[in-house]
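Chains as they are written, first to last, in this note's numbering: chain V, 2 to 123; chain C, 116 to 462.
Check each hint, because a few of them may be wrong.
[As the list claims (entries may be wrong)] Think about it this way: if two alpha-carbon atoms lie no more than 35 Å apart in a straight line, the pair counts; the simulated DSBU-like pairs of lysine-lysine are:
hint, chain 1, residue 1, chain 2, residue 2
1, C, 443, C, 460
2, C, 199, V, 60
3, C, 443, V, 60
[To be verified] Footprint (simulated), chain V over chain C, 3 or more residues, beta carbon under 8 Å:
hint, stretch
4, 217-228
5, 270-276
6, 282-292
7, 358-372
8, 454-462
The set of hints was computed from the structure by calculation and includes no laboratory data. C-beta atoms are modelled at their ideal positions from N, C-alpha and C, and glycine is treated no differently.
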Amino acid sequence: MPTDYAFNYTAVIVAAGFGFGGIGFTFILSRLLAPKRPSLMQTIAYECGIIPEGQGNTKYNIRYYLFALFFLIFAVEAVFMFPWVVVFLALPSSAFISMMIFLAILIFGLAYAWRKGVLQWR
Amino acid sequence: MDWVTKFLDELWDFIVQSLSDNVPLIVGSVKAIVIAVAVMSVVPGLVWLERRLMGRFQVRLGPNRVGPFGFGQPMADTIKLLFKESIIQSSADKFLFHLAPAVVVFTAIVAFAVIPFGAPFEVFGQSIELWGANVNSGILFVFAISGMGIYGMVIAGLSSNNKYSLMGGLRSSAQMISYELSLGLSALSIIVLTGSLSLMDMVVAQESVPFILIQPLAFLLFFIAGVAETNRAPFDLPEAEQELVAGFHTEYTGMKFAMFFMGEYINMVTMSALVTLLFLGGWNTYGIPIWPILAFAAKVVFLLCVFIWLRSTFPRIRYDRLMTFGWKVLLPLCLLNLLITGTLKVL
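For reference, chain V alone in the conformation it holds in the complex (with noise of 0.2 Å):
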């Protein structure tokens, strides 16, 4: 019985592959049975049924970079938190206090962000 790396992954790509034949019926289903009645109100934006005012893609607010930010830095973080949980009880004590350490580096950034007021949602 191939118990191997990849044969653990065909239910996936199976699945996946489903999905996909799944959401493409579903797509051309729609498209068969869908009445296609196209007027001139259709092709605008909805906004509450009055027409729409400037851009679309309007500006917003500069928050949302800063928050993309610390989550790139958390998430590296937990990409390397990941393989640590596994097997730092089989690694020497070494392991864990350099992991405390960059922790704590972490901890100390959010705290500073925290002082700062990044972390205030205005």
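Put chain C on the given structure of chain V with help from the hints.
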């Protein structure tokens, strides 16, 4: 006619031989299809459950006209949506507009394929395992794939060329990346206890006592982050009706609109299954004499009811409070919990 029977015999032998050589592969594929079909057909039932329960919570009946107890209502709605005209406004990006709902459903189905439902059992001398794929990095895989679902919402928001959609897409991306951190970090403290990323190993490690008793804080953090990840009330800011019409799917109609909901409900089931596997002991029955798979299903259905219960109990929280809560409460608590758990494990 002799050569025909000979040819048929050889063909039959060839088919039998190639089938018996690849039994695990075929079983795996069949299971994957069964799981994908099952998870897609769970969605109407869940919609029905939600609408009935919401009705009862709000002291009304809920849908009760189509079929027994209104059970046919979601089916009727699906058929209605199939016959609805698909409207695309002229300034929208056509390709991305069609891609977005597909991404949402696709990632939801693929993420569910690695969830195990029960211990393996024997049928006709063949060991049948109750999971699609036994991926040794199960939880990481689920996080990775369901994280990709954010793309669907962001793409939907950007491609619609509508202010409400844009705001909804941005909000959902910011919310989901904020709470994804807490989700991952609170799961880390469970991985500390099991020392494995495999979902199977986590259930095996909970044979005597479920992790909810050992790690109650991690359970709470994980569940809150999970509710936020699936965009469910009280964290359904991306689709807040009063301010954003319908958020990132404002411009969607017909089946494409239904696909977003399908993705959301499949994600709900995946999240409930994850909570069950990580904290409630998976299919361990703890002495109660029922089938393990029924125990698993009961726990998942209970968590789904909790999801619906939360929706009808809590009002939607404000966006600034949502972000503040994610970054100033959940994330520090997750880090603290992880530090304590790791330190206790080392000592």
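Of all the hints given earlier, name the ones this structure violates by number, lowest first. none
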